[in-house]
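As they're listed, the protein sequences go chains A and B.
Going by numbering that gives the first Met the number 0, 105 is the number at position 106 of the first sequence; the sequence numbering is gapless.
Going by numbering that gives the first Met the number 0, 25 is the number at position 26 of the second sequence; the sequence numbering is gapless.
Think of the hints as simulated: they come from the structure by calculation, not from any bench.
Among these hints, one or two may not hold up.
Unchecked claim - If you want the footprint, here are the derived chain A segments under chain B, 3+ residues with CB under 8 Å:
1) 70 to 83
2) 98 to 110
Said to hold, decoys possible - Residues from chain A that face chain B, not an exhaustive set, calculated with beta carbons under 10 Å:
3) Lys45
4) Ala94
5) Leu113
6) Ser114
7) Arg172
Said to hold, decoys possible - List of simulated lysine to aspartate or glutamate pairs, EDC-like, C-alpha gap at most 16 Å:
8) A:Lys164 / A:Glu141
9) A:Lys144 / B:Glu141
10) B:Lys144 / A:Glu141
11) B:Lys144 / A:Asp58
12) B:Lys144 / B:Glu69
13) A:Lys164 / A:Asp58
14) B:Lys164 / B:Glu93
15) B:Lys164 / B:Glu129
16) B:Lys45 / B:Glu106
17) A:Lys144 / B:Asp58
18) A:Lys144 / A:Glu69
19) A:Lys45 / A:Glu106
Predicted model, so just to flag it, every value in this text is computed and none were measured.
Cβ coordinates follow ideal geometry from the N, Cα and C atoms, glycine included.
There are 2 protein chains.
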Amino acid sequence: MMTTQTCPSAVVPGMPMQPSQGDFRSVMARLPAAVNIITSDGPGGKVGMTATAMCSLTDSPPSVLVCLHEASRTTRAILQNGQLAVNMLAAGSEALSAAFAGQQGLEMAQRFGLSDASWITLVTGSPVLENSIGSFDCTVSEHHKVGTHFILCCAVEALHVGPEKESLMYHQRQYRHL
Amino acid sequence: MMTTQTCPSAVVPGMPMQPSQGDFRSVMARLPAAVNIITSDGPGGKVGMTATAMCSLTDSPPSVLVCLHEASRTTRAILQNGQLAVNMLAAGSEALSAAFAGQQGLEMAQRFGLSDASWITLVTGSPVLENSIGSFDCTVSEHHKVGTHFILCCAVEALHVGPEKESLMYHQRQYRHL
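Construct all of the structure, not just a fragment, from the sequences and the given hints.
Next up, the structure:
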């Protein structure tokens with residue numbers, strides 16, 4: 000990487016910086032991101048993890064993408080299953096988000112058994128969260144490995160719409176609602 | 000695409016739906032997304048456009064991805080220039096966002112000349128918005144065409160941090176702040 004000048008390691012307003020991993024994370028933390036639980040079921044197992052790196056890809060045909068770390072058990076299962084669901088979390092789903100982020104050390108079966116969540120299936124069989132603000136049930140149409148992550152391109156096979164609620168957001172390393 | 004049942008075309012809470020383009024957009028509109036202006040300069044020209052389809056890709060090395068429509072003049076210029084900047088907009092940048100979304104019919108030079116924006120360059124020469132909440136100055140390391148869109152994988156060469164402000168968000172087809 001190139002830099003035009005020597006830069007401090009801390010985040011200083013108005014200063015370009017040499018992009019260390021920590022500096023990059025500090026700037027990325029300024030971006031409010033909606034919180035999702037990515038789920039899958041099939042030969043690779045029933046899995047789920049919390050993720051913010053998701054966005055719309057094309058609307059004709061409907062498709063989204065998610066970025067997942069190569070070392071994750073959930074990523075490997077999703078690639079084997081060839082399908083996933085993106086569940087956009089509603090405000091109030093903080094505990095569910097933490098559980099699927101692995102912060103409580105729960106096994107997959109325990110995560111899906113939590114009492115504050117109800118799961119259904121649509122087309123692919125991937126677990127769809129009934130109380131999400133919206134879910135995309137998808138087949139993985141292609142994937143690309145970039146560094147430590149896989150970009151999964153996902154064709155949307157079915158939609159689910161939950162109750163009208165605010166969204167669960169992650170911003171400056173804290174949960175927020177919008 | 001498969002569907003498990005015949006579904007209404009309107010968005011109905013709790014119902015899986017056949018994913019038409021309109022239905023997909025309705026569900027995606029429920030996802031609050033941070034608003035960015037993607038810029039570039041080089042042999043392909045000085046260009047910029049508003050986009051929400053951006054997310055973190057890897058943090059080691061720092062990289063982000065953006066999804067851009069193949070038919071966009073800005074997309075073609077970025078691919079030719081091989082570099083871009085992602086400028087995350089602050090609350091209050093609604094007019095700038097609209098201008099770079101093409102809603103005012105302004106030429107590129109007019110967009111960059113708007114009085115409420117000040118542009119600098121860091122490493123690549125792509126225009127960096129001084130009053131963004133944060134900007135990533137990037138080289139395009141690889142790109143993948145998926146349907147109508149390109150996924151651009153972008154290696155972050157330099158960071159910029161603007162003033163501490165709320166973010167400009169787009170949610171349910173309206174601007175919001177967080």
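Status of each hint after checking the structure:
1. Figure legend: the region 70 to 83 of chain A, annotated as covered by chain B; annotation inconsistent (0 residues with Cβ-Cβ distances under 8 Å, at least 3 required).
2. Look at the region 98 to 110 of chain A against chain B: 0 of its residues bring a Cβ nearer than 8 Å to a Cβ of that chain, fewer than three, so the hint is violated.
3. Hint status for A:Lys45 relative to chain B: violated, with the closest Cβ pair at about 19 Å, above 10 Å.
4. Because the beta carbon of A:Ala94 sits about 20 Å from the nearest beta carbon in chain B, more than 10 Å, this interface hint is broken.
5. Because the closest C-beta pair between A:Leu113 and chain B is about 20 Å apart, greater than 10 Å, the hint is violated.
6. Hint on A:Ser114 is violated. Least Cβ distance to chain B is approximately 20 Å, over the 10 Å limit.
7. Annotation: interface hint on A:Arg172 violated; nearest CB of chain B at approximately 14 Å, more than 10 Å.
8. A threshold of 16 Å between alpha carbons decides the hint, and for A:Lys164 with A:Glu141 the separation of about 32 Å lies outside it, so the pair is violated.
9. Under the criterion of a C-alpha separation no larger than 16 Å, the hint pairing A:Lys144 with B:Glu141 is consistent with the structure, at around 11 Å.
10. Between B:Lys144 and A:Glu141 the CA atoms are separated by roughly 11 Å; this keeps the pair inside 16 Å, and the hint holds.
11. About 14 Å separates the Cα atoms of B:Lys144 and A:Asp58, which keeps this hinted pair within 16 Å; it holds.
12. As the CA atoms of B:Lys144 and B:Glu69 are separated by approximately 8 Å, the hinted pair is consistent with the 16 Å bound.
13. Distance check on the hinted pair: A:Lys164 and A:Asp58 sit about 24 Å apart at the alpha-carbon level, beyond 16 Å; violated.
14. For the proposed pair B:Lys164 and B:Glu93, the alpha carbon gap of about 14 Å is at most 16 Å, so the pair holds.
15. In summary, the hint linking B:Lys164 to B:Glu129 is supported, as the alpha carbons are separated by about 13 Å, within the 16 Å threshold.
16. A distance of roughly 11 Å separates the Cα atoms of B:Lys45 and B:Glu106; the hinted pair therefore holds under the 16 Å criterion.
17. For the hint linking A:Lys144 to B:Asp58, the alpha-carbon distance of about 14 Å falls within 16 Å, and the restraint holds.
18. At roughly 8 Å between alpha-carbon atoms, A:Lys144 and A:Glu69 fall within 16 Å of each other, so this suggested pair holds.
19. Proximity of A:Lys45 to A:Glu106 is assessed by CA-CA distance (about 11 Å); at most 16 Å being required, the pair is judged to hold.
The earlier numbered hints that this structure contradicts are 1, 2, 3, 4, 5, 6, 7, 8 and 13.
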